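*Asks:* Join the two chains into one complex using the hints; note that each chain is given alone, in its own frame.
As a plain string of letters, each chain reads:
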Amino acid sequence: MPLRFEWLSRIKAVEREFVAMRKAADRFRRDAQIDPTILTERLRFGEIVTASENLEATYTIRIFAEFETGARQYWLAKWGTFPRTVELLDGLAARRKIPELRRENAQWVRLYRNSLVHEREDVPASITITAARSHLCHFFSYLPRQW
Amino acid sequence: MSEQLGLKQRYTIHVEETETDSALQFRFDPSPSKSDIAARRKTPFVVGVNEKPNGLEFDWSMVGDNHAIDRQEIESEIAARMAERQDWQKRVDELVSLIEKWGKELDWSTRRIEKRLDDSRIGRHRVPALLLQQETCRAILEPIGRSTPEDGGVVDLYLMPAYDDIASFYYYDNQWNLHYGDALEGEEDPTAARYVTVAGLSKEALDKVLADMRKYAA
Numbered sequence: 001m002p003l004r005f006e007w008l009s010r011i012k013a014v015e016r017e018f019v020a021m022r023k024a025a026d027r028f029r030r031d032a033q034i035d036p037t038i039l040t041e042r043l044r045f046g047e048i049v050t051a052s053e054n055l056e057a058t059y060t061i062r063i064f065a066e067f068e069t070g071a072r073q074y075w076l077a078k079w080g081t082f083p084r085t086v087e088l089l090d091g092l093a094a095r096r097k098i099p100e101l102r103r104e105n106a107q108w109v110r111l112y113r114n115s116l117v118h119e120r121e122d123v124p125a126s127i128t129i130t131a132a133r134s135h136l137c138h139f140f141s142y143l144p145r146q147w
Numbered sequence: 001m002s003e004q005l006g007l008k009q010r011y012t013i014h015v016e017e018t019e020t021d022s023a024l025q026f027r028f029d030p031s032p033s034k035s036d037i038a039a040r041r042k043t044p045f046v047v048g049v050n051e052k053p054n055g056l057e058f059d060w061s062m063v064g065d066n067h068a069i070d071r072q073e074i075e076s077e078i079a080a081r082m083a084e085r086q087d088w089q090k091r092v093d094e095l096v097s098l099i100e101k102w103g104k105e106l107d108w109s110t111r112r113i114e115k116r117l118d119d120s121r122i123g124r125h126r127v128p129a130l131l132l133q134q135e136t137c138r139a140i141l142e143p144i145g146r147s148t149p150e151d152g153g154v155v156d157l158y159l160m161p162a163y164d165d166i167a168s169f170y171y172y173d174n175q176w177n178l179h180y181g182d183a184l185e186g187e188e189d190p191t192a193a194r195y196v197t198v199a200g201l202s203k204e205a206l207d208k209v210l211a212d213m214r215k216y217a218a
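Line by line, the protein sequences are chains P and D. According to the numbering used here, the stretch in the first sequence is residues 1 to 147, in order. According to the numbering used here, the stretch in the second sequence is residues 1 to 218, in order.
Just chain D, with the same shape it has in the complex (with noise of 0.2 Å):
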């Protein structure tokens, strides 16, 4: 009796990005297996995806007549891709948009760029990075990824133009959480000291991080 393999098994997943910003391309290449000699014989396929806003729009006109497919199956599967890329991609947004706000508020400029990332479950995607400047004293907000424990997220506070770390934001919990090097007795540099403190996040907390860098920096 033979078992069914998962479609993880069966396939290595190549997500692609096309020309159009909201369309994906999900490439399946059959898995090499010395036992299966059926799926050496399998070709590989291309899956398009696009984002509507009434769901997504699946592409299989380039597959052709292959019936051995079971469209349902990758269907799901690219389906629970574009959910945590756009799960990933909100929250960093909501981030950025936090810290915009409090940084205008603690009376920094502020100024967002975009940045692509890989990730090689939901593809090369774009997110918000934010650049921070009062006087001289410069910071970049930047996502790094999502590639954490329970697929959680990591973005990093570097101070410009050393990109010498200050704090890092994770997310767990359900919420960002504030990781900073919380200057021990008498030490000048909080890289010295990197993740002593895990806040909540919060503007007092932020103010707090902006203003040690501001004092390394000096």
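So here's chain P without its partners, still in its complex pose (with noise of 0.2 Å):
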């Protein structure tokens, strides 16, 4: 397969996985309410609830990081540096041609990714998994087939 396919099949790949996991932890959550006896290993239903709820947050960091790599793995073997992530995003839209509501978009979903992993107080509007994985998909297919 292309690389740039290989790419976009493996960020795919990650909301999937998101989604098998909201099913199993909604599932979990309803099954603890009836029977609290499957709580083991010292588990409590509140983890239950804070891990359902950050759970689109944490997969939201994982697509973007399988697409930064992907993205690098590209400028590396093109120019060989390994720039800040926002260069790196107006760096290939500037060299690739990418449209600039596609570039902004998938600024949009670094900056949220951000406010997820650091303490903001400029924290940008939420952005669900299958928007942020539309948005780094359609900014990843104007990177070559090949390199």
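Calculated directly from the structure, the hints in this document are not laboratory data. It cannot be assumed that every hint is accurate.
As the list claims (entries may be wrong) - When the alpha-carbon atoms are kept at most 30 Å apart in a straight line, the in silico DSS-like pairs for lysine-lysine are as follows:
| id | chain 1 | residue 1 | chain 2 | residue 2 |
| --- | --- | --- | --- | --- |
| 1 | D | LYS215 | P | LYS97 |
| 2 | D | LYS115 | P | LYS78 |
| 3 | D | LYS115 | P | LYS23 |
| 4 | D | LYS208 | P | LYS97 |
Only a predicted model underlies this, so the values are computations on that prediction, with no experimental measurement involved.
*Replies:* Now the structure itself:
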């Protein structure tokens, strides 16, 4: 499979993994409410709730990491440097003639990821993992088929 | 009296590709067991297998003189996995060929690309994926894996370049079945109503899915 499709497929796979974990977490939460004895290993119900609430954010961080790894692989192969992520996206947009809207959307996902990882005051509008995947795949589709 | 454990309990089995497409290596790592001191003394071993037109050719040259290994048992385990691997690859190829044929008849340009999949039981392998394009609307038919109930299989259809979910093909009841989000009244986004409809695989069903997708992409 050409590298571009390989990476697009990997980005999509993170979203599918999230859907699997979403369903598993929801079911576990429901079952634990009915039968708390399934909470072994000193697990507390509140911890399931917290994990469940943080699940989408966790996978958003992962989906961006997958995207960034692929983008960096291309950048490194082509230009051999390791720019900051913000510059990586801007640099790719400039060199691959990526439309401004696509660049902005990818930067929005990056900023949102940053707000999840680091405590920040200027938190951007939140974004669902589905929208994040869509924006990142759109951006990535402008990279060449192979490098 | 000691009970003879099954092969899968005694070994963790890894399937690895070699440089030759048709050759694989099966690595058998003895499973750790507190009660089985002998197992801890066992060493891992590798058996090569090559697909030939007249059957499988086993390569035991990497094993040495380990008399504790039941070669017949090992070969039958490998043969079972190789058969599963062939079945799955054939199944995907049949689906891709069918969609490719129907796609062309429905005026879509098509192009095959190769996808590599990892599967803990049958190892890393290659299957075809299919790109479809009509004017500016593009889609990809992408095999996901065979690890579904009854070892069936799932192949997804995505709208490109965003990789939005459009439909999925599931293999069960000895055939591929199409699951797609039949747009509900007033619902334009087919991904919002995913898997409402289950249809047998037909050119008409594919035409409807592709037409809905074009509407959504427009």
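*Asks:* Need the status of pair LYS115 (chain D), LYS23 (chain P): alpha-carbon distance at most 30 Å?
*Replies:* This hinted pair holds, its Cα atoms lying about 27 Å apart.
*Asks:* Verify the proposed pairing of LYS115 (chain D) with LYS78 (chain P), using a straight-line Cα cut of 30 Å.
*Replies:* 24 Å, holds
*Asks:* Check whether the Cα positions of LYS208 (chain D) and LYS97 (chain P) lie no farther apart than 30 Å.
*Replies:* Status violated; Cα separation ~34 Å.
*Asks:* CA of LYS215 (chain D) to CA of LYS97 (chain P), is that 30 Å or under?
*Replies:* 27 Å, holds
The structure fails to meet hint 4 from the earlier list, while all remaining hints are met.
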